[in-house]
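Taken in order, these protein sequences are the chains called A and B.
Going left to right, the first sequence walks through residues 1 to 200 as the working numbering numbers them.
Going left to right, the second sequence walks through residues 1 to 225 as the working numbering numbers them.
In short, the hints are calculated from the structure, not lab data.
Given the structure is predicted, the values throughout are model-derived calculations rather than measurements.
Hints should not be assumed to be uniformly reliable.
In silico lysine to aspartate or glutamate, EDC-like type, Cα no more than 16 Å apart, as pairs [stated by the list, open to error]:
hint, chain 1, residue 1, chain 2, residue 2
1, A, Lys103, B, Asp104
2, A, Lys8, B, Asp210
3, A, Lys8, B, Glu78
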Amino acid sequence: MNSITPNKRPATNEDTCGPYFPDPFCDADRMDLVEVHPGLVATARGTPIVIEGRLIDIDGNLGNGAVLEFWQPNDRGIYRTPAHADHPDIDPWFDGYARCRSKDGKFSLRTIKPGALADRAPNVTLTIFSDGISRLVTQIFLEGEAANASDPLLTSLPEPLRSRLIAKSTGANDRGEQVFSIDVVMAGNNETPFFDDLES
Amino acid sequence: MTGLGRLLSIGPTDNTSRERTPRQPLQLIPEGARESFVPYSRVQPALLSAEADMTRLAADLPRAAGEAIEVSGQLTDEFGRPLRGVLLEIWNANTFGRYTHKEDASGLPLDPNFLGLGRVLTDQDGKYRFLTIRPGAYLARPDIGRWRPKHIHMSVRGGSSRLVTQMYFANDPHNDGDPMRILMGDAFKHNVAGEYDAGQPDLAAGYRFDIVVGGRNATFFENDL
Ligand SMILES: [Fe+2]
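Work out the full structure: start from the sequences and follow the hints.
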């Protein structure tokens, strides 16, 4: 026994989310990060966009019943974490965290176009909890961003995989907000690259 | 800069696991991008005290069918540091093995006194306690007779801590055939609660379930602590 090495406790195993994550738990969660509440003037700074997506399984079917979490910085690339609590570019009306349970495997996130710090391209982190699997994490990038070509995460992937993380622009909605669309393929052909946040 | 991480395993006899488990190894995250992978959940819901008692719909309403049990424990990171003010979302089947979720089409009996969902926040020592009904096991694969053992679902969220897990009961005859239990191997023991006497005549048993949130996401930001 080495008395200097801390005695690390073994981690509780992740497990599947099962098919029945209770929808009421998501009642206070948001999938619109632009407006704090439809009845309030509080609106996040920056350019509203919409990211639509579908979860696809190995058979090409929609992955129903998954819990999805989204995480992104504000329009100036600042994540709302304790490390940035006093940062002058914090947007008080923007938290950057969204969650939903998707009954049918589709999602639509209305948000602010994320800014990018340093060498990163604008991106949104996506976490998937679902029946059959433990947590999956990846990041969604936006078509048309020059910084995509040099983003350290995108460029760490073999070239053919990079486009699978880039949501395609599909035009504007009736509010004039740019809409992006992405298929997140959990398994099989055109499988989305997922990342290892335990061993990285 | 590139590299490959874990290759995830498919749970034996688990159809959804076959459908949804990535076949490619996970990609390693370049150091410069690591912090961006740690969501920080700052806002916690205001909870009602009744949410910690899943054994009845409200304090003045009848207790649900089956055995009422207490579950308690401590949330820590791997170094034993308590995770304070963290939200625990809990859901489990009723004593007959039925969830109240609309999508549970098992046809097993509902219990009008049991919703099967609760929420608690950990205290200053990372400790939590709630009451529920001991869930029933249920037949997950009728075609091959494979059951899900008794289990309680739990989701941990708060600060940079995030974990979705399940608590199991020792000596459940269905534990050994469970797909995720098989994948966990020896480590399954960390997801099995320890039984104790809850010390109240109306509680059949207490279960100690300490949750250790592992990996760098557990307490990525010092202010979490
Ligand atoms: Fe379950």
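Hint by hint, here is what the structure shows:
At most 16 Å may separate the alpha-carbon atoms for a hinted pair to count; Lys103 of chain A and Asp104 of chain B meet this at roughly 13 Å. Pair hint Lys8 of chain A plus Asp210 of chain B holds up; C-alpha atoms about 14 Å apart against a cutoff of 16 Å. Pair hint Lys8 of chain A plus Glu78 of chain B holds up; C-alpha atoms about 5 Å apart against a cutoff of 16 Å.
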